[in-house]
Amino acid sequence: MICEVVINNISRHTDNIYHYLAPENLNVSVGQRVVVPFGRGNKPLEGYVLGICEESEYKNLKEILSLADGYVYFNEKTASLIKFLHHRFFSPYCDIIKAVLPRGVSLKMVTVVHLSDNGEDYIKSKIKNSLIKERIVETLKENGGFCELDELCKNVGRKNITQTLKSLVCDNIVYTELKKEEGQKDKYIKVASLAIEREEAYRMCEILEKRAKAQARVVEVLCENESVSLSELLDICETSKSVVDVLEQKGIVTVFEIPRPFDEEISEIDDKKVELTDEQKSAVETVGKSIDNGENKTFLIHGVTGSGKTEIYLNLIERCMNLGKQSLFLVPEISLTPQMVAQVKGRFGSRVAVIHSMLTVRKRYEEWKRINEGEVSVVVGARSAVFSPLAKLGLIIIDEEHEGTYKSESSPRYHTTEVARFRAKSEGAVLILASATPSFESYWRAENGKYTLIELKNRVNNRDLPKVTTIDMRKELENGNFSIFSERLKTEIANNLKSKQQTILFLNKRGYSSFVSCRKCGYVPKCPNCDISLTYHKNGGFMVCHYCDYKTEKLDVCPNCQSEQIRFFGLGTQKVTDEIAKLFPSATYLRMDADTTSKRFSHEEILNKFRDEKTDILVGTQMITKGLDFENVTLVGVIAADLSLYQDDFRAGEKTFSLLTQVVGRAGRGEKEGRAVVQTYYPENEIFSYASNQDYVSFYKNEIALRRQMLYPPFCEMINFTASSDSEKTAFDALLNFRNALLDEIKEKNIKADVFGVQSAPMHRINNKFRSRFIMKMNYNREIYERIHTLLKNFYKDNVSIIVDVNPVNMY
DNA sequence: AGCACGCCGACT
DNA sequence: GTCGGCGTGCTC
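Going by my numbering, the first sequence opens with residue 2, and the numbers climb by one from there.
Hints may contain errors.
[To be verified] Think about it this way: if two alpha-carbon atoms lie no more than 35 angstroms apart in a straight line, the pair counts; the simulated DSBU-like pairs of lysine-lysine are: (1) Lys370 x Lys468; (2) Lys282 x Lys468; (3) Lys458 x Lys214; (4) Lys527 x Lys576; (5) Lys730 x Lys298; (6) Lys251 x Lys408; (7) Lys78 x Lys60; (8) Lys408 x Lys501; (9) Lys370 x Lys84; (10) Lys408 x Lys60; (11) Lys610 x Lys555.
[What the hints assert, rightly or not] If you anchor each label on the Cβ, the simulated ranges turn out as follows: (12) Gln250 x Glu178: 30 to 40 angstroms; (13) Gly347 x Ile237: 26 to 36 angstroms; (14) His14 x Ser243: 53 to 63 angstroms; (15) Asn76 x Ser603: 35 to 45 angstroms; (16) Lys499 x Ile237: 50 to 60 angstroms; (17) Glu135 x Ala742: 47 to 57 angstroms; (18) His14 x His765: 19 to 29 angstroms; (19) Lys501 x Asn769: 30 to 40 angstroms.
Since the hints were made in silico from the structure, they are not lab data. All of these numbers come straight from a predicted model, not from anything done at the bench. Backbone N, C-alpha and C define an ideal beta-carbon position, used for all residues, glycine too.
Between the sequences and the hints, there should be enough to build the whole structure, so can you do that?
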């Protein structure tokens, strides 16, 4: 039997599937972790079995050394998913495996060097012909006769001592041993129980009572309880482990290890079911039928904000559960949707696993294992949860499907929707994509019959959508209003304060930061590593680079012209709150952005505060656009709506529209009617009339025509190639050669593709690496993809790396 | 990446 | 002669 093995954690050059023979006595299957001899030195390395085959074109195959453990980490469906991801997104196998498996399972092979008996002789003998050998032996002796190889190298002060070691092994002075070093694995807890009959133990208690009170207490507790965890036992008896050790030696108590039980979080089951609207009922029926029949179908739910999509999900998950199938529920960012997570947990209790980015490594591993062993019916999580090892997958839900966070920006650079489509197809599951503003790619597929479109046109409480007013900020300036709030927004806020209703102020900060500039000469301080304008932080008075976290003191004098007219421009959420404090001194407000939510759980804290303490105003960035459902919010203000319109990105319009729709949708979710004020410097842009009418379809029709004409997705696929290197020229030249080789292949195979020229990347320097890029528009073609794979291997050198990004969301 | 192999100068 | 430095090329 021949196994397809990928070696974990080496380099792009060795990022291949290697064939190994499985020894007869080893029961190897797909998804197992194995140790294989690799390279000329047959260095034992960790690998994963991706497949089994009968024949191989390679001669002289080596044999698998051993299984790392008996555990099956993934099934064959997952193995084919890994292969697909590798081919489609040009990600190294080991990165994909890292994404599929939880962190902390990786295995390290450690070589331990031991001093053999002859070693003593060597020290005594005077034949010391090598300084290094001498030092090695000395280090070993100091360490008690053995040392790990890495450690030994460090102590000796050499990078590579294999040669020297080999000669020492030959002379029988040292020997080496191979040890497996486990990462995060099953944690065991120690449990104590009686080793003797209880009757006898009671008698022992009386004897011990006189001279060893602590021992007596321990035995007493154990008489009353079958078995007690050691830590608990010591706690109750107020004693130390030595007492238990003595009892164990006497043969009265035994201590053994059991796997740590998972700490169950008790969540109350909230079984109250909401009566569904007709729209919701028919959506559940349509999708439900497909689930019942095990059809592989994709539905696009286009529902206005507040149309009650969550209730539909919950019903469908339940339906799935009743069929004995599992569901996968994906949200853009788990910490942004605490209410939704709470609802799922409330409904399904301990059958839900929540994969949270804030989980500790250990907790994450436990949850993964619970899922892998089939103890879970629903998994809720962000992007990476799409890989959850559910064996009986019946339903995948991708909520807020248009969100950019579904595209991974680091290796493996997958798109969640595409992975979900692949899984749904190979595992016979139903896929639901849902959004108030679907991505154009998805809506286009629905229009073309690839997805089934379900429209939800009404809000559950039958409330109207918020009334949107667009304000021309240029006129405000003309009328002498230099504030960041228009007169209209000021009055609306004042009204809300009077009627004790809550307000959300949204600042569209992406692609725009509060940069520092000199009013006299125009100088802008930039990051010395990344060439990005530094952002000023009032808290602490320093400037910071948002890419590499470079920090520097704020400037008082312009270093270019010595003028003192150096000022901080642009808006931060802090500037907005400052303005609130000035205009409405009695108002209470909260700020929510990356700065205030960097702490663990602070996100939820802020939201709870806003809800419970009835804070008047919440100021925030992108984060507040999602999932918030507060009844008392009746006013939404968008401070500068057009900021994101001026990015050099063909999706800028789509992104801005969706942002506006989402944020405006936060208002008027309860009994009271909602209003929204959108401030812009360019109200002529059609996007504002579509957005104020919440007319997605018209906006889509208008914009998709443009996409077709300009040949942008969904009418083509885009691939972004970026080369980075310490030297600008190296990066550029390497990419140029890469592009030429690719062009040759495209010409030869006569493929339709637009290959643009090599240019300096928009983020031309990040962390002292220079970056060049070129873009290619081409629809998927197997042959070209294969060619790109081989080219990548050839062009991967120490001094340049080429990154491929398929259908990128951001094109830095 | 890591490691072996091979070629070359320095030193017992 | 041999040790060790560095360049090159392969890894089922």
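Against the structure, the hints come out as follows:
{"no.": "1", "hint": "Lys370 x Lys468", "verdict": "violated (48 angstroms)"}
{"no.": "2", "hint": "Lys282 x Lys468", "verdict": "holds (28 angstroms)"}
{"no.": "3", "hint": "Lys458 x Lys214", "verdict": "violated (74 angstroms)"}
{"no.": "4", "hint": "Lys527 x Lys576", "verdict": "holds (21 angstroms)"}
{"no.": "5", "hint": "Lys730 x Lys298", "verdict": "violated (49 angstroms)"}
{"no.": "6", "hint": "Lys251 x Lys408", "verdict": "violated (61 angstroms)"}
{"no.": "7", "hint": "Lys78 x Lys60", "verdict": "holds (29 angstroms)"}
{"no.": "8", "hint": "Lys408 x Lys501", "verdict": "violated (40 angstroms)"}
{"no.": "9", "hint": "Lys370 x Lys84", "verdict": "holds (22 angstroms)"}
{"no.": "10", "hint": "Lys408 x Lys60", "verdict": "violated (41 angstroms)"}
{"no.": "11", "hint": "Lys610 x Lys555", "verdict": "holds (33 angstroms)"}
{"no.": "12", "hint": "Gln250 x Glu178: 30 to 40 angstroms", "verdict": "holds (31 angstroms)"}
{"no.": "13", "hint": "Gly347 x Ile237: 26 to 36 angstroms", "verdict": "holds (35 angstroms)"}
{"no.": "14", "hint": "His14 x Ser243: 53 to 63 angstroms", "verdict": "holds (54 angstroms)"}
{"no.": "15", "hint": "Asn76 x Ser603: 35 to 45 angstroms", "verdict": "holds (38 angstroms)"}
{"no.": "16", "hint": "Lys499 x Ile237: 50 to 60 angstroms", "verdict": "holds (59 angstroms)"}
{"no.": "17", "hint": "Glu135 x Ala742: 47 to 57 angstroms", "verdict": "holds (52 angstroms)"}
{"no.": "18", "hint": "His14 x His765: 19 to 29 angstroms", "verdict": "holds (28 angstroms)"}
{"no.": "19", "hint": "Lys501 x Asn769: 30 to 40 angstroms", "verdict": "violated (53 angstroms)"}
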